[in-house]
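Based on the hints, put chain B in the right spot on chain A.
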Amino acid sequence: MQKQDIETQYIIDDSQSLEDGKRIDTMTINMGPQHPSTHGVLRLILTINGETIVKAVPDIGFLHTGIEKTAEAKTYHQALVLTDRMDYLSPLCNNLGYSLAVEKLLGIEDEITDKINYVRVLLAELQRIASHLVWLGTHALDLGAMTVFLYCFREREMILDVFEEVSGVRMMTSYICPGGLQADLTPAFDGKVRAFTSIFLDRLQEYHDLLTNNQIWMERTKGVGILSANDAIAYGASGPVLRGSNIVWDIRKAFPYSGYEKFDFDIPVGTNGDVYDRYLVRMLEMEQSLKIVNQALEGMPTGAYRVRDLKVAPPPKWQITGSMEALIHHFKLYTEGYRPPKGEVFVRTEAPKGELGFYIVSDGTAKPYRMHVRAPSFANLEALPLMIEGGFLADAVAAIGSIDIVLGEVDR
Amino acid sequence: MAITATSTVALVREKFPQAIVETVNFRGEETIILLPEHLVKVCAYLQRNQQYTFLSSVTAVDWLEREPRFDLVYHLLSIPNQSELRLKVRVGQRVEEQPSVPTVSSIWPGANWYEREVYDLFGIIFAGHPDLRRILMPMDWTTYPLRKDYPLTGFDLPEPHWGGQVPYTTDPGVGSQTMRTPYSRELNERRSKFTESQEPGTDEK
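As given, the protein sequences belong to chains A and B, one line each in that order. Letter 355 of the first sequence, counting from 1, is numbered 336 in the working numbering, and no numbers are missing. Letter 48 of the second sequence, counting from 1, is numbered 38 in the working numbering, and no numbers are missing.
Since the hints were derived computationally from the structure, they do not count as laboratory data. Everything hinted at is true.
Reference listing, derived: stretches of chain B covered by chain A, where coverage requires no fewer than 3 residues with Cβ under 8 Å from a Cβ of chain A:
1. 44 to 51
2. 69 to 76
3. 126 to 137
Subject to a maximum C-alpha distance of 27 Å in a straight line, what follows is the list of computed BS3-like cross-link-like pairs (lysine-lysine):
4. 323(A) <-> 292(A)
5. 348(A) <-> 292(A)
6. 96(A) <-> 243(A)
7. 234(A) <-> 272(A)
8. 138(B) <-> 323(A)
9. 5(B) <-> 78(B)
10. 55(A) <-> 138(B)
11. 78(B) <-> 348(A)
12. 55(A) <-> 292(A)
13. 96(A) <-> 292(A)
14. 55(A) <-> 348(A)
15. 323(A) <-> 78(B)
16. 78(B) <-> 55(A)
17. 348(A) <-> 138(B)
Covered stretches of chain A (chain B as the covering partner; in silico rule of three or more C-beta atoms under 8 Å from a C-beta of chain B):
18. 36 to 50
19. 82 to 88
20. 223 to 235
21. 321 to 334
22. 347 to 361
Bear in mind that the values here come from a model prediction, so they are computed numbers and not experimental data. All residues carry an ideal CB built from backbone N, CA and C; glycine is no exception.
Pulled out of the complex, with its shape left as it was, chain A reads as follows (with noise of 0.2 Å):
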């Protein structure tokens, strides 16, 4: 392709002529990969008519680390760590759906038990939690309510200290596992979720007094954005965007996993598909989840926390020194993998950005012979065009917040 080809593609005339003789000279400007508002490498290229933006067309890529080829030439388990990383503000959902589809494709999902569920899904609430106030920080900062942002990321420390207990890791945890969990809960993680969760919804309040009904965030992100519901469907988008768009779709309840069915939530759903509703859709997310993580910790039974299949989960490494079958799995199982049958899954889960699915095709040997991840802020950002078409350039800013885009995922 000629040099001059490709740069021709995103040029738009950028004068062009009307009837009656009057010229509408549009910039084309670049949003560059560098930039404090596009959370993360976004390039926007934008053409502009004064403040109005007339067509935008996001490039994307610059974050692209190779994340499927890679994990064709890894084993099940050593794929697990690159699914942390893709959507890097939430890694303990990626790992879920990871574990899903390895589990479903391996035939193992009878024998994941009770205790792995719950502690599954209260991670896995936890980390939405995180997640969605790393959204509001950044988002309200975008917007200039700076307050906002530290204050999150305070909440946000106390559930990476959660993290920190149970695994080691305060992000990158890998913690949940195809076969269960990496190791069993410690003793002080009660205490840590509950000093957790005994104060977040008076910071949850908190946060909706700051924003709520303050009458600039308010003016901001009202009518702001707009993405109707038919649009949503047709391009994609899911999770909080879709939720926002007034269209009831939740995976947790359409089709549960991780024995999400036995926990009682509501799903809050927008009207008018504008920032603002995402916005309250997020906020009111966050409670649904601390109530999960209430019911998960009140009804947390004992058991197992990793499945008794050797051939599979490694053996707890105190029986490495006595027995002789186990040290064998341990060393089959880390140096070789699991070869899960041929065939080939998509499992979906709602990750706090939207529908996370995997797809995993197996052909007999121990690693992935393709692996390809439904990314949501994927689809959402396809959707970002559409919303701040037509709209203010100061808008884009609170369109592109509103979706919560992570680009470690759009580029993987």
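Relative to the frame of chain A, chain B by itself:
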């Protein structure tokens, strides 16, 4: 009658018997394998009449040894009926460098970016796509990274090895500290040579 995946498969068998190559049910998931010429017709029918209005994802799988080489996979979801379905199309003859498939972006606008991604990473051309250009790789990249004959680290960088992979020519006097055999310094330097004037993956200017 409620629309489920199984009922949809039966319906498609009934209405488009000539379009189906095979149907598979693995772990409770229904897959219909279609002939490429009938893809758009079946998709339009499913989107309009069976309410599969949500296209989750379009992707491809490269079966290098097989002919047809690629499996194009479409994941559909029906929100009103809570039903999911997978469609597959097999394309790619041995002589074809870039197999061609009709686009479904007129049925589901969301397919636009997914098809661009498949084109970018696999080299499958979508006939009738409004804007088929690379999306993840740089604009002037010439090869298709997710194909199975594309090495993990690309064609220009040395294979990953312990120590010595640097993107600039090393000073022969210094070299890597990790390998201590007499041959190792030479080996490191040879492997570290990197054509500075050319971006990896692009055409030689």
